[in-house]
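**Q** These protein sequence lines are chains A and B, in that order. With the numbering used here applied, the first sequence covers 1 to 276. With the numbering used here applied, the second sequence covers 1001 to 1313.
Because the hints were derived from the structure by calculation, they are not lab data. Each hint should be verified, as a subset may be incorrect.
[Unchecked claim] What follows is a set of in silico ranges between Cβ atoms, one per label pair, in the way DEER data are often shown: (1) Leu1196/B to Gly102/A: 36 to 42 Å; (2) Thr39/A to Trp1208/B: 51 to 57 Å; (3) Glu51/A to Thr1194/B: 50 to 56 Å; (4) Gly102/A to Glu1311/B: 31 to 37 Å; (5) Leu107/A to Arg1013/B: 19 to 25 Å; (6) Lys1220/B to Thr39/A: 52 to 58 Å; (7) Leu107/A to Thr1273/B: 39 to 45 Å.
[Stated by the list, open to error] Where chain A lies over chain B, by a calculated footprint (3+ residues, C-beta under 8 Å): (8) 1128-1135; (9) 1175-1183.
By construction, the Cβ of each residue, glycine as well, lies at the ideal position given by its N, Cα and C atoms.
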Amino acid sequence: MIISSKIIKYLIHFILIFIGFIWIFPFIWMILGSFKSNTDFIVSGNPIPEEFNWDNYTRAWVDANFSGYFVNTVIMTVATVAIVVLLCALTGYALGRVDFPGKKVILGIVVGIMFIPKGYTIIPLYELVDQLGLTNSLFGIILAESSGAHTLFVLLFTSYFATLPKEMEEAAIMDGCGFVRTFFSVMLPLAKPIIATTVIMQFIWTWSSFLVPTVLTISKPELRTLAVGMQNFVGQHSTDWAGMAAGATISLLPVLIVFILMQRYFIEGVAGAVKQ
Amino acid sequence: MADKKGNLSKTNRNRQLWAYIFILPQAIVFLVLSLYPIIMSYVYSFYSWDGASPLTNFIGFENYVELFQTPRFWGALVTTIIYMAGTTALGVGASLILAIILNANNMKGKAFYRTIYFIPVVATTAIIGVIMKNIFGIDGSVNQMLQTIGLADQPISWLNSSSLAMLLLILVGTWKNLGINMIYWLSGLQSIPTDLYESAQLDGAGFWKTLFHITLPLLKPILIVILLLSVVSGMNAFDLVKTFTNGNPYHTTETLDLYVFNYAFGGGLTGSTTRMGYASAAGVMLGMFTLLISGIFGLISMYTQRKLKKEAN
Chain A
1 MIISSKIIKY LIHFILIFIG FIWIFPFIWM ILGSFKSNTD FIVSGNPIPE EFNWDNYTRA
61 WVDANFSGYF VNTVIMTVAT VAIVVLLCAL TGYALGRVDF PGKKVILGIV VGIMFIPKGY
121 TIIPLYELVD QLGLTNSLFG IILAESSGAH TLFVLLFTSY FATLPKEMEE AAIMDGCGFV
181 RTFFSVMLPL AKPIIATTVI MQFIWTWSSF LVPTVLTISK PELRTLAVGM QNFVGQHSTD
241 WAGMAAGATI SLLPVLIVFI LMQRYFIEGV AGAVKQ
Chain B
1001 MADKKGNLSK TNRNRQLWAY IFILPQAIVF LVLSLYPIIM SYVYSFYSWD GASPLTNFIG
1061 FENYVELFQT PRFWGALVTT IIYMAGTTAL GVGASLILAI ILNANNMKGK AFYRTIYFIP
1121 VVATTAIIGV IMKNIFGIDG SVNQMLQTIG LADQPISWLN SSSLAMLLLI LVGTWKNLGI
1181 NMIYWLSGLQ SIPTDLYESA QLDGAGFWKT LFHITLPLLK PILIVILLLS VVSGMNAFDL
1241 VKTFTNGNPY HTTETLDLYV FNYAFGGGLT GSTTRMGYAS AAGVMLGMFT LLISGIFGLI
1301 SMYTQRKLKK EAN
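Whenever a hint applies, use it, and build me the whole structure from the sequences.
**A** What follows is the structure, encoded as structure tokens:
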């Protein structure tokens, strides 16, 4: 479709830029606020700080333990992403390239998992992790995080592997590769675009995850992740808003950077997953 | 390879065996971390249980009876449905308009706009809740701005009024997820063959005619997907509600997810006793409502697709 008329076009751009500014204003406000002093933050309506200082970052990083939370978040995210990519690639390969009895049932379950709310399973999940003795380790959080709905990823891998030509596999078999080696050395490397999509999407989801880390760190505050650690700025009588803005910036920047660098894969991946 | 039939079926059986082995890890994760917890939610919901002592006090349906007699539970259900319906209606509609604009062939700066409008999607919801809590606080930027430009004489207590708090929750929730719906719509728009538009142009159809006769009808299948995803995410509002309004004022913005959390783990945060059995019953109800509502959408989608197929024939 084509939008004609120059005036309408300019008008549309004007509106899009105006709304776009409002759209990202909370982030601009937060980053600017992270350089303000606490009084400046509360009293002044001007989003631009009177003077720029890094005190809030020191306070967030050291006093509020964001250095520790940062490490926790990185470990949890990297491990979860690795597990999810491997599980989904294996499942997708089996579903996409092999005809076996029960395939439809498994596909049905994969789609059905999407509709299981976390609020439904969080209590037994907490109990399970507790019984396994894992509430005091990041491993428990990683396990619980890896259990989410991976419907989109499995379907992406399934349809991608299904479209690869049969000849590739046959050639690999001729060269003496078994099923497993064909997968790891021939087929999996071909699925790089899907792997990239899964890595980015799961990275962003896990990095931002809140319910599971909140629940599993109730008795172990030092295992908190960045998203959960924001509570540290809320005191009994007052909230350290400027420190919180610095903490929020520390938590959000890695995700924003990953997104902006990889957005082409990310956006195409989301779109591709829906088209299936 | 195919000259010996026996050999082929042997390779086939071998492949099938490997397929099962490949699915096994995912299946174990599903059984242990999804299916088992679901079953246990039902089991816990029949006990009076604080989560710490042994699971011995079986009370049958008492948790459910209490749940049904508790206005706060019904309030949480209504809040969840209002939030789900509000974010779905606003989000699905607004993102469609945005996607149509950003899909126009001669539109400049598409990539730039897509990035801008997508940023809230990747940002951590829990942190957005905290930021919004400050922006809409009594001394927050919104009040200061309204007073500076003279639109308000006194600061508005956004988060102390249930209707305003609920409205803000829906608006912020919509803002957060609009970008993802926009991408879904764009993928649908891009799957429409361009020659349809070309022939419409040759026939002299204008923008609106093309929109209502070609674009929108062809978007129906993707509409169902977007609606379903939006409904499921709306039914599971936790991160934003917990950090933005925390259910206040007086539980009027408490969603079912938050209700479950407050009874199951809220005690752990405040030091009072937890009620895991009762919370499990609420969790089971949440699961059932989500299934019921997505089931209704599923049926509607099946019906629409059948109708579409009939029209195509």
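**Q** Tell me the hint numbers this structure goes against, listed in increasing order.
**A** Hints that this structure does not satisfy do not exist here, as all of them hold.
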